[in-house]
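S.K.: Okay, here's what each chain looks like letter by letter:
There are 2 protein chains.
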Amino acid sequence: MVKDNIKRISEEDFKAFDDRKRVKVINSLSGFKSANLIGTINNQGQTNLSVVSSVVHLGASPALIGMVIRPDVSRRDTLNNIRENGEFTINHINEEIVEKAHQTSARYPQDVSEFNACKLTEEIKDNFKAPFVAESKIKFSVKFVREIKIEENGTHFIIGEIKNVYLPESCICDDGHIDIHLAQTVCVSGLDSYSKPKHIGRLSYAKPDKALHWIK
Amino acid sequence: MVKDNIKRISEEDFKAFDDRKRVKVINSLSGFKSANLIGTINNQGQTNLSVVSSVVHLGASPALIGMVIRPDVSRRDTLNNIRENGEFTINHINEEIVEKAHQTSARYPQDVSEFNACKLTEEIKDNFKAPFVAESKIKFSVKFVREIKIEENGTHFIIGEIKNVYLPESCICDDGHIDIHLAQTVCVSGLDSYSKPKHIGRLSYAKPDKALHWIK
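Protein chains in written order, with the working numbering: chain A, 1 to 216; chain B, 1 to 216.
To be clear, the hints were calculated from the coordinates, so they are not data collected in a lab.
The structure displayed is predicted, hence computed values, not measured ones.
A couple of the hints might just be wrong.
Given that identical chains are not distinguished, each listed pair holds provided it fits within a single copy or across any two copies.
[To be verified] Taking lysine-lysine and the DSSO-like style, the derived pairs with C-alpha atoms no more than 30 Å apart in a straight line are:
| id | residue 1 | residue 2 |
| --- | --- | --- |
| 1 | LYS129 | LYS143 |
| 2 | LYS163 | LYS207 |
| 3 | LYS15 | LYS143 |
| 4 | LYS149 | LYS7 |
| 5 | LYS198 | LYS129 |
| 6 | LYS129 | LYS163 |
If we strip away everything but chain A, and leave its shape as in the complex, we get (with noise of 0.2 Å):
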């Protein structure tokens, strides 16, 4: 492999940027980022759902979720819906639906459900009110606890608390670790760049003076 040369983009070189190609470099910058559709549903029984890259663990006990809503200075169904009802749900994107989940992100009026435009199937569980996408493998029930205004920059953090959680059960491990590559879950990185992670392997819970070891 030839050196490489290492690049410095400034914090004045991107503020020097267009819009376009400063929120392509800043997305790209955090890692690879979680691959979801949130479905919501609002009180007239119109449904929604939206892509989102922000899914975050915030804590097993109880267990919360945490998600970064965009600001809503133009309509923001799934905003307004968890607002309004309180529900929402989780689903991981596979790989089958990559195309159909990316399209949910395109400016649909209101009076039109992603589910029916990209080709998604509703699924309603356990009588929660917000649905599933049937086609996801690994999917959960939220309920909404609260949201905290980033002032900064006017998006919303929205914080849940996992309900019911549903998956095939060959992906879960004897320790309760969740194999998500086995229900061809995807990431994403940036604002379009989908990947299919493809396992290494698990590590060893570390200690000091002890080394790691690979578990499986």
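The hints should help you fit chain B onto chain A, whose structure is shown.
M.R.: Same frame as chain A, now just chain B:
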């Protein structure tokens, strides 16, 4: 492929799990997570390095990043150092340093730097106080903006502003997208499972009534 049984894990189920199992289940649910090393230094010049899987993109203008740090019920050097001098570095974990990066999660005494203990190299760039990881190929300096206490479980959501970015020139696409596969960046699932994403492709900007295409 044989049809897999779908298992439901209810809220009551995971509340009944022992702590270790619950932590593993819940940590696996968000999907694949970014894998980064956070470099910090305290005012006495003691450096610290910790593996973090919760770095999330917050916005491009200003260029903001968020990350979740666990409750400070026990010593949290990373959090303390960030509070003390307001700087940290984010360094992508690549395939070559996965084991060393994971080892930084061991509980070393405060006067031991994980850089030394885990055989990773401190690198100072452009007079930034917090150290970078020399072995990391994509890395950037971050100024602490503020922290939000997540009262529900005592975690801290750290907001930082991105300053200088350093990366191999070959990773930068013409439109600004950064191809982090070329830097061998990995991702993580659950507490201890590392993977190397294999690129599927980039999808075009989604519009209603327009078919998507793979752009490269």
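S.K.: For every hint, state whether the structure bears it out.
M.R.: Results of checking the hints against the structure:
In the homo-oligomer, the alpha carbons of LYS129 and LYS143 lie at most 30 Å apart inside one protomer (11 Å), although the nearest pairing across protomers, at 42 Å, exceeds that limit. Within a single copy, LYS163 and LYS207 get their C-alpha atoms no closer than 33 Å, and across copies no closer than 33 Å, so neither meets the 30 Å cut-off. When the C-alpha separation of LYS15 and LYS143 is checked against a cutoff of 30 Å, the pair qualifies only between copies, where the shortest distance is 16 Å, while the shortest distance within a copy is 38 Å. In this homomeric assembly, LYS149 and LYS7 never come within 30 Å of each other (Cα to Cα): the closest approach is 34 Å inside a single copy and 36 Å across copies.
Neither within a single protomer nor between protomers do LYS198 and LYS129 lie at most 30 Å apart by alpha-carbon distance, with minima of 35 Å and 36 Å respectively. In this homomeric assembly, LYS129 and LYS163 come within 30 Å of each other (Cα to Cα) only inside a single copy, at 13 Å, whereas the closest approach across copies is 43 Å.
When each numbered hint is compared with the structure, violations occur for hints 2, 4, 5.
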